[in-house]
Amino acid sequence: MTAHTDPPTARSGAADDDERLPCGRLLSQVWEAWEDRADDPHLRTCPHCREALGELDRLESAVRGLRADPADADDPDGSDVARRVMDVVRLELRPGRPLPLGEPGEDLWVMEAVAARSLRAAAETVPGVRAGSCRLRPAPRDGAPGPVEVRLEIHAPHDAALPALAEQVRARVRDAADSALGLPVLAVDIRITDLVDGSADDQEGGAR
Amino acid sequence: MRPDERSHSVPGSRRQTAPPEGGADDDALLVVRAAEGDEDAFAVLVQRHAPALIRLATRLLGNRAEAEDAVQDALISAWRRLPEFQRQASFSTWTYRIVTNRCLNVLRARRPVAPLESAGEVPAPEHAVSPARIAEGRDAVRELRDALEDLSAEQRACWVLRELDGQSYEFIADAVGISQEAVRARVFRARRCLTQALGAWR
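Heads up: the sequence lines are chains Y and X, in that order. So the numbering used here is basically just the index in the first sequence, starting at one, shifted up by 3. So the numbering used here is basically just the index in the second sequence, starting at one, shifted up by 14.
Chain Y extracted, bound-state conformation (with noise of 0.2 Å):
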């Protein structure tokens, strides 16, 4: 509202190519009242600002058909893009960094973002859960990378009994690192970072 008290001048942008109506009104004015609905009595009544506002109705009108043109309204499906850009994206991956898996020495490695993939799907298994960040960092032990620290991030049920869920969770999550991965893991740490709507209840028959 506070735009129609500004006096004409104070409206720097427009001035250069603006137009003051015979009626003392300012085209942008007229315009932007238009726009902003403005219920403007002297707008409904001024001959001036009428045709300056039935100007702008056919640009409307034109505005409608182009938005209607088949040209523009079908729908992209988008799914060539997709490929074109995962194509890309697919060479110039960011996989972290390696893990150690096994027993020390061993000299077997999995790199940090397909662990955490594995880790995030396994507390994705309890229902309900959302995982988010996920990272790994290995203590080190001996001068050598040893058994990892993870520390993981979900969206939680609002219904949940959370220490309860965050064990779940944190024993799916190392049953995953040891029997699929066989990542040695020194700690899973869980953090909440936000409790959404979904039920705990809802999701158990569903999921499964």
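You may find that some hints are simply not true.
To be verified - Negatives, chain Y to chain X, calculated, CB over 12 Å:
{"id": "1", "residue": "R47"}
{"id": "2", "residue": "L165"}
{"id": "3", "residue": "Q171"}
As the list claims (entries may be wrong) - With the C-beta cut set under 10 Å, the calculated list includes, among others, these residues of chain Y facing chain X:
{"id": "4", "residue": "A65"}
{"id": "5", "residue": "V84"}
{"id": "6", "residue": "E115"}
No wet-lab data here; the hints were simulated from the structure. Glycine included, C-beta positions come from ideal geometry on N, C-alpha and C.
Chain X: place on chain Y using the hints.
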């Protein structure tokens, strides 16, 4: 694809603030994962957002082929910049901004050859229209298309975002990186040019 499968088992009503399709907080989780190097999470985001971005770029640039190239470049750039993405905006707003900027650069680069390009542009398809009463409307649409080519890159971008895309001045200011007042001025100038062009035809 694991993140996608999983999202099916989560009801869409998890949060009242989440938009109907995909869900903003689901996006946020995928963004975090993608930033940590999970390309599958990024693939879900790309599939989810590419159609809207292509629609935006098509409106900004006036043709689909260039629009798809611009969106492709923008999304690849998004993947590269994800680790520094501060999550102060949603993925949707952030990529909208990247695509808008990409399209602005395309428009700026092609200014000198615009008349040639618009001359070669596809005419309005005949099959979609039948009654003679809309012939005038069709001419006006063609006039409008031509007149759009004569706008400056910034005028065109601001006008398209406002008029075709229905965005707020605040949103456009953020996407284009100028003040709201500057956006209003550009939209006004664009309307001035376009009404004059349509008036000349009448």
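The hints, checked one at a time:
no.	hint	verdict
1	R47	holds, 20 Å
2	L165	holds, 17 Å
3	Q171	holds, 17 Å
4	A65	holds, 4 Å
5	V84	holds, 5 Å
6	E115	holds, 7 Å
Taken one by one, the earlier hints all hold for this structure without exception.
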